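**Q** Read off the chains here:
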Amino acid sequence: MTTATASHDDHGHHGPAKGIMRWVLTTNHKDIGSMYLWFSFAMLLTGGVMALIVRAELFQPGMQLIRPEFYNQMTTMHGLIMVFGAIMPAFVGLANWMVPLMIGAPDMALPRMNNWSFWILPFAFGMLLFTLFTEAGAPNFGWTFYAPLSTTYAPSSVTYFIFGVHMMGISSIMGAINIIVTILNLRAPGMTLMKMPLFVWTWFITAYLLVAVMPVLAGVVTMMLMDIHYGTAFFDAAGGGDPVLFQHVFWFFGHPEVYIMILPAFGIVSQIIPTFARKPLFGYASMVYATSSIAFLSFIVWAHHMFTVGLPLQTELFFMYATMLIAIPTGVKVFNWVSTMFRGSMTFETPMLFAIAFVVLFTIGGFSGLMLSIAPADFQYHDTYFVVAHFHYVLVPGALFGIIAGVYYWLPKWTGHYYNENLGKFHFWMSFIGVNITFFPMHFIGLAGMPRRIPDYALQFADFNAIATVGAFIFGFSQLIFLFLLIKTIRGGEKATDRVWEGAEGLEWTIPSPAPYHTFAEPPHVK
Amino acid sequence: MNSNSSKPDDLSGSKPKNTALKLVLAAVAMFGFGFALVPLYDVFCELTGINGKTAGPVERVEQWVDTSRTITVQFITTNNAGMPWEFEALQEEIEMHPGAWTQVEFWALNPTANDMVGQAVPSVSPSEAAEYVQKTECFCFDQQTLKAGEGRKMPLIFSLDPELPAHVKKVTMSYTLFDAGAFAK
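Sequence order for the protein chains is A and B. Add 802 to a position in the first sequence, counting from 1, and you land on the number used in the working numbering. Add 69 to a position in the second sequence, counting from 1, and you land on the number used in the working numbering.
Quick caveat, the hints were computed from the structure, so don't treat them as lab data. Quantities reported herein were computed from a predicted structural model and do not represent experimental measurements. Ideal Cβ placement from N, Cα and C applies to all residues, glycine included. Mixed in with the good hints, there may be bad ones.
To be verified - Listed next, with one range per pair, are the computed distances between beta-carbon atoms:
#	chain 1	residue 1	chain 2	residue 2	range
1	B	Ala235	A	Trp945	43 to 49 Å
2	A	Pro1253	B	Ala169	43 to 49 Å
3	A	Leu1285	B	Thr181	57 to 63 Å
4	B	Ala217	A	Thr954	37 to 43 Å
5	B	Glu131	A	Pro870	58 to 64 Å
6	B	Ala150	A	Pro870	17 to 23 Å
7	B	Thr181	A	Ala1179	43 to 49 Å
8	A	Gly1033	B	Thr181	21 to 27 Å
Said to hold, decoys possible - Below are the DSBU-like pairs computed for lysine-lysine, each with C-alpha atoms no more than 30 Å apart in a straight line:
#	chain 1	residue 1	chain 2	residue 2
9	B	Lys204	A	Lys1329
10	A	Lys997	B	Lys86
11	A	Lys1329	A	Lys997
12	B	Lys86	B	Lys222
13	B	Lys254	B	Lys204
14	B	Lys222	B	Lys122
15	A	Lys1329	B	Lys239
16	B	Lys122	B	Lys204
17	B	Lys122	B	Lys239
18	B	Lys204	B	Lys216
19	B	Lys222	A	Lys997
20	B	Lys91	A	Lys997
What the hints assert, rightly or not - To list a few chain B residues with every Cβ distance to chain A over 12 Å, as calculated:
#	residue
21	Lys91
22	Lys122
23	Val127
24	Glu131
25	Val134
26	Glu155
27	Glu157
28	Gly168
29	Trp176
30	Thr181
31	Glu197
32	Ala199
33	Glu206
34	Lys238
Construct all of the structure, not just a fragment, from the sequences and the given hints.
**A** Following this line, the structure appears as structure tokens:
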């Protein structure tokens, strides 16, 4: 008994175990957070290579490099990997690292489940990626996998895709449950809900969205599975089903999903801008209410993805106005960020540069979204490169820049070293220029009528496509600067102070840098 | 236990477990809700008539015939991809008064060397007219089985509700024929 007690007491003091089993068996939120982040970075590069293959083919009209069938597989896999493999796990990784530190909790509330929810992911994506090497090829029906393209006409690899989606869905749901339970139960004394940092708030709301809609995604792929293998006819009109039903159920998941991919980025930016403007966040409460409003509205706008399927007039009007309504809480957020910066003592370290770029470029993406929400105009924009430009503006300089900003912001706390500021700024400017060269011309070719998901195009779109391809390669290779910087910072660099940034506020800056393996074993008191 | 303590061994307390359990149940309920959307979708379409879907067989009732206006009804047939049958409406369009019962004929022929089962799926345009279409008999209510080389006339008996909005002057009834061999009853 004595030995058992002694070893238990020791537990809080010793560091991480050694070797590979540390990572396989770990229940430490920092280890799991790091694994999520590295996994998503690997997926970012994988999905990025696929994007570059697509852009290389589109450099000139005509078919140059790859076959159309392979092109379809590349666009599909690029979308799936970036959405489910890069953006979502990166946010979960940041939540794992930062939510306990920001609310003064010793760890996540359900540490074993945390381990499990991470380790499902490599297998899910392993299964998805290996279909590339099968005879049937990878899924080729677009990341939105509309039936009957993904059922009647799907390659046989669709079954692996379905199980892959099931697994990543289970992982996301478990991650979300863990975050909610942690936030509800493990806040330090005095940390009331309305004192929580905004990153915690936005993740709290995002986690509820995940619990609500990931099961619906699991449902829709299960219906596909049954249609393909068990003779049901959910989406087959010959048996009494309806292919449009697929789109309704999919987008009932899909629209909240796009907010799942942006709300945590809103939170990150709301942490960074006050730090480098050296002013408290303008309109904290309105930020919380705006985030909640966006989350609520996300459930009643899904059919704006389906304006052209033949919806009746009243339905089009409802979804058009409901969609436009989202611009109001989003506008509140943008004005709050700008007001926070207004007359602040601003400095422009790399996290702040990415955060400001986020505000500007995400707003551009928001405006093109507002254009798309106009139902009569959408008939022109639908399925063109204008849509591609829109969602890449909100996802790349939106969600991805938010993640990168967060990594730069918290990296000194994680590693104990400042990163090289010049290298960080170089990464920022290359990314900023690359991203705009890539995606801005897509607005023009989209408005001129170039359809998405087609490997060839008419001659008049050639110049802008060539420009976009050059930008894509600049942007893609710039991320290697980021990889180099990360490794360099982990290995060494100027010693970071505990506070790290002059204007930083919050519990995560009260612990030493680098953050010890166990933190807040005694909960801090929040005044 | 000291209520202030929040040591790691508190993590297995019952409160977090309850929260987690509720959230798991919520996730399971949402999985069920995804499937509930399927009947809800049909109910919603039927209630509002917004999918251009028409209701199943109705009782034939002799109703008031609005002779003051004449509606043009067009019939369109389409074969879904890969459906080899000949399929056509024997009259392209008719003129009728709302409330009057009318019979029209469609023709289907299976030119293949195999027995086949077909299913026609109806749609009405403009979709707001769908709820005013009353059918007592339609080949689209059931699967149609045709032996190799067999052809058949198929009837449709219907009327338009006299309540049909005044601005609707023309109604298009479209039938798409699917190979329903996989779903043969």
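**Q** Test the statement that Lys238/B is away from the interface with chain A: the closest C-beta pair must be farther apart than 12 Å.
**A** Holds, since 17 Å exceeds 12 Å.
**Q** Holds or violated: Lys204/B with Lys216/B, Cα cutoff 30 Å?
**A** The hint holds at about 27 Å.
**Q** Straight-line Cα separation of Lys1329/A and Lys997/A no greater than 30 Å?
**A** holds (10 Å)
**Q** Over 12 Å to the closest beta carbon of chain A is the bar; see if Glu131/B clears it.
**A** Consistent with the label, Glu131/B stays out of reach of chain A, its closest Cβ about 31 Å off (over 12 Å).
**Q** Sort out whether Lys204/B lies within 30 Å of Lys122/B, counting only the CA atoms.
**A** Answer holds: Lys122/B to Lys204/B is near 12 Å, not above 30 Å.
**Q** With respect to the beta-carbon atoms only, verify the hint that Ala217/B and Thr954/A lie 37 to 43 Å apart.
**A** violated (24 Å)
**Q** Please check whether the beta-carbon of Glu206/B is more than 12 Å away from every beta-carbon in chain A.
**A** holds (19 Å)
**Q** The output says Lys122/B does not contact chain A. Does that hold with a beta carbon cutoff of 12 Å?
**A** violated (9 Å)
**Q** Evaluate the given range 57 to 63 Å for the C-beta pair formed by Leu1285/A and Thr181/B.
**A** Holds: the Cβ-Cβ distance is about 60 Å, inside 57 to 63 Å.
**Q** Within 58 to 64 Å or not, the Cβ separation of Glu131/B and Pro870/A?
**A** holds (59 Å)
**Q** Should the hint that Pro1253/A and Ala169/B are 43 to 49 Å apart at their CB atoms be regarded as holding?
**A** 46 Å Cβ-Cβ, so the 43 to 49 Å window holds.
**Q** Taking the CB of Ala235/B and the CB of Trp945/A, does the distance hold inside 43 to 49 Å?
**A** holds (46 Å)
Violated hints for the displayed structure, listed by number in ascending order: 4, 9, 12, 15, 19, 21, 22, 31 and 32.
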